[in-house]
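Bring the two chains, given one by one in their own frames, into a single complex with the hints.
So the protein sequences, as listed, match chains A and B. Residues in the first sequence are numbered consecutively from -12, following our numbering. Residues in the second sequence are numbered consecutively from 445, following our numbering.
Read the hints as simulated data drawn from the structure, not as lab findings. One or more hints might be untrue.
Computed cross-link-like contacts, EDC-like style, restricted to lysine to aspartate or glutamate with a CA-CA straight-line distance of at most 16 angstroms [unchecked claim]:
| id | chain 1 | residue 1 | chain 2 | residue 2 |
| --- | --- | --- | --- | --- |
| 1 | A | K108 | B | E528 |
| 2 | B | K532 | A | D91 |
| 3 | A | K108 | A | D6 |
| 4 | B | K551 | A | D91 |
| 5 | B | K532 | A | D99 |
| 6 | B | K548 | A | D99 |
| 7 | A | K92 | A | E56 |
| 8 | B | K532 | A | E56 |
| 9 | A | K108 | A | D91 |
| 10 | A | K12 | A | D2 |
| 11 | A | K108 | B | D524 |
| 12 | B | K551 | A | E56 |
| 13 | A | K55 | A | D93 |
| 14 | A | K(-1) | A | E47 |
| 15 | B | K548 | A | D93 |
| 16 | B | K532 | A | D93 |
| 17 | A | K92 | B | E528 |
| 18 | B | K548 | A | E56 |
Just some of the chain B residues that point at chain A, by a computed CB distance under 10 angstroms [said to hold, decoys possible]:
| id | residue |
| --- | --- |
| 19 | D524 |
| 20 | S526 |
| 21 | R531 |
| 22 | V533 |
| 23 | A545 |
| 24 | R555 |
Beyond 10 angstroms from chain B on every Cβ pair, some chain A residues (computed) [to be verified]:
| id | residue |
| --- | --- |
| 25 | S(-10) |
| 26 | D2 |
| 27 | T8 |
| 28 | K12 |
| 29 | L44 |
| 30 | V111 |
| 31 | R119 |
| 32 | S120 |
Just so you know, even glycine gets a beta-carbon here, dropped at the ideal spot from N, CA and C.
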Amino acid sequence: MNSSIEIIDSLKLVDKLIDRTRDGKVSWEASEILQMAFTPTDISGATSFSTTLEGNLRAEISLNSRNKEDSLAFSLVEFVPGGTTLLTSMTSKPDKEILSVSVDKDPSFGFDTQAERELSKALVDLYSLARRSALKIEGSVQKALTYLDKLAV
Amino acid sequence: MAWVQAKGARKAAEEAVRMVRMRETADEFLRLAADANNLVASVQVRNTERAIEAANNLVHLLMIASSHRASYLPEGFSLDLSVENLRKVSTMLASEGFPEAPQKMAKLLHRCHQIHESLCGISGSVQNRTEGDEQ
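If we strip away everything but chain B, and leave its shape as in the complex, we get (with noise of 0.2 angstroms):
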């Protein structure tokens, strides 16, 4: 008896263990995409310097969570892409600075836009999947 009731409590332990790793991952990513929103913000005004440094924090940081956090990832959700596309912004601005072209320069906003998106996603799924879990 005494058996199965200590293995009944280790295992809601291991089961709030994961639940509180996964609330840190959804607040994980919120704050990686607060950073793509200052990456979109240093875009839209063209600030280089401030572009290049959000986007290199970004690439940094994401690589971290992305190996650190893989377990609790959502599926479908394609980190590689994110750091693959930051890592072209940051050389191209670095190396020729903002397109002047209004079709280039729409679409690396687009790419900024896209890449803030997804780390919303992967935030907002880790987060109803924490509450469908904890219902």
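The following block holds chain A by itself, in its conformation from the complex (with noise of 0.2 angstroms):
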């Protein structure tokens, strides 16, 4: 269950993170535990993506489906500079979650509230522009795209 102060703080951070993400500006990458699991250069599966703001912040936002119903995670963390492994979170201080909302992509009866809606909307493309980035899929359409047009000439 989300507060609304929480769900209207995600919405400016997602809304900002959409349009710096759009630009460039920001990158994205699997999530540290994801990455153990997959091998660096076959993520595709990942359903769960991180970036490292100014500082020690971290967003992360994750895809997570139970009983056929998926859900988007979204949040911000402030963490232990230097990096944490499973063996160090264990016994150092570990990340502090800042903010932490959770809403159904979309619900079989629909959202309790307006906000909640806009919110939903916001992570499905947050999480399809971070997955994006990971994967670096616009690289691989423009190289498509480029490949296309040589052989049109």
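Rendered as structure tokens:
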């Protein structure tokens, strides 16, 4: 259950992250634990992405499936500089979650509020952009377009 | 002098029309709220056919009312969300029937109550504004 304050704050952040990601000024990567499961060159199955913002802040977005229903989770995390591994996180100070929201992607009986609906739509966009950024889809599409343009000449 | 009187009379007539339209809007949304109450009752007794029919009728009437009464509706009440949620309720009931899981059934009932509450809120808000303007 998200509070209305969390939804409003998240919407502001997500909107800006969408803009900066579209501008190419913010880039995303598959989340650390997932990178261990997937090889660095094969992260196509990743469903969790993160980006480091100024200082020790990290934004994370993930797609979770449960009981045939997809939900999107977004969080802003304050992390310990220097990086945490699974081993060190057990002994040292854990990451601090500053903000965390979770919304259903397409709830069976609709959204509770207009703000929740807006947040869900924004998170769908951000997840798609984060995935494209992490998988470097833009570059591949451009490469394919350039190749096809060359064939036309 | 006659021109000033005519202008005043026209303004009074326009105001009277506006008050009538506002009262009609409050009544219309009160009727829609009663329809939403029927939807709640149909869902509570798990009557699929009646619930789907009630949801579809409400979508139809709400879409007409939202454009027809747009200028009299209070700010902050979103009819779009109610229409979207009613469509989802209708589609879900038609394709999958009533949910078996108690949690999902509670969610469906909560949603229907929420739609009823929204329509009551719109009617009450317009009614209050009409009474405020009359004083």
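Cross-check of the supplied hints:
For the given pair, A/K108 sits about 14 angstroms from B/E528 by alpha-carbon distance, which is consistent with the 16 angstroms threshold. Straight-line distance between C-alpha atoms of B/K532 and A/D91 comes to about 14 angstroms, which keeps the hinted pair within the 16 angstroms bound. For the hint pairing A/K108 with A/D6, the CA-to-CA distance comes to about 14 angstroms; that is within 16 angstroms, so the pair holds. Proposed proximity of B/K551 and A/D91 is supported: the alpha carbons are some 13 angstroms apart, at most 16 angstroms.
Annotation: proposed proximity of B/K532 to A/D99 holds, straight-line Cα distance about 13 angstroms (limit 16 angstroms). Our distance criterion of 16 angstroms between C-alpha atoms is met by B/K548 and A/D99, whose separation comes to about 14 angstroms. Of the pairs offered as hints, the one joining A/K92 and A/E56 holds, with about 8 angstroms between alpha carbons and a cut-off of 16 angstroms not exceeded. Proximity of B/K532 to A/E56 is assessed by CA-CA distance (about 14 angstroms); at most 16 angstroms being required, the pair is judged to hold.
For the suggested pair A/K108 and A/D91, the alpha carbons sit about 10 angstroms apart, so the restraint of at most 16 angstroms is met. A hinted pair counts as satisfied when its Cα atoms are at most 16 angstroms apart, and A/K12 with A/D2 qualifies at roughly 14 angstroms. Annotation: proposed proximity of A/K108 to B/D524 holds, straight-line Cα distance about 15 angstroms (limit 16 angstroms). With a CA separation close to 14 angstroms, the supplied pair B/K551 and A/E56 stays within the 16 angstroms bound.
Our distance criterion of 16 angstroms between C-alpha atoms is met by A/K55 and A/D93, whose separation comes to about 11 angstroms. A threshold of 16 angstroms between alpha carbons decides the hint, and for A/K(-1) with A/E47 the separation of about 15 angstroms falls inside it, so the pair holds. At most 16 angstroms may separate the alpha-carbon atoms for a hinted pair to count; B/K548 and A/D93 meet this at roughly 14 angstroms. For a cut-off of 16 angstroms, the pair hint linking B/K532 to A/D93 stands: about 10 angstroms separates their Cα positions.
For the hint pairing A/K92 with B/E528, the CA-to-CA distance comes to about 14 angstroms; that is within 16 angstroms, so the pair holds. Between the alpha carbons of B/K548 and A/E56 the distance comes to roughly 12 angstroms, so the proposed pair stays at or under 16 angstroms and holds. Checking B/D524 against chain A: minimum C-beta separation of about 8 angstroms stays under 10 angstroms; hint holds. Hint status for B/S526: holds, given a least beta-carbon distance of 9 angstroms to chain A, under 10 angstroms.
With a cut of 10 angstroms, the hint placing B/R531 at the interface with chain A holds, because the nearest CB-to-CB distance is about 8 angstroms. A cut of 10 angstroms between beta carbons decides the hint on B/V533: the least distance to chain A is about 6 angstroms, and the hint holds. A cut of 10 angstroms between beta carbons decides the hint on B/A545: the least distance to chain A is about 9 angstroms, and the hint holds. This hint holds: B/R555 has a C-beta 4 angstroms from the nearest C-beta of chain A, less than the 10 angstroms allowed.
The non-interface label for A/S(-10) is consistent with chain B: the shortest C-beta to C-beta separation is roughly 18 angstroms, beyond 10 angstroms. At roughly 19 angstroms, the least C-beta separation between A/D2 and chain B is larger than 10 angstroms, which holds for a residue marked as non-interface. For A/T8, the non-interface assignment is confirmed: its Cβ lies about 27 angstroms from the closest Cβ of chain B, beyond the 10 angstroms cut-off. Under the 10 angstroms C-beta cut-off, the non-interface status given to A/K12 relative to chain B holds; the minimum distance is some 33 angstroms.
The Cβ of A/L44 lies farther than 10 angstroms from every Cβ of chain B, with a closest approach of about 32 angstroms, so its non-interface assignment holds. Separation of A/V111 from chain B is adequate, the least Cβ-Cβ distance of about 15 angstroms exceeding the 10 angstroms criterion. Consistency note on A/R119: stated as away from chain B, and its beta-carbon is indeed over 10 angstroms from all of that chain's, at 28 angstroms minimum. With a minimum CB-CB distance of about 30 angstroms to chain B, A/S120 clears the 10 angstroms threshold, and the non-interface call stands.
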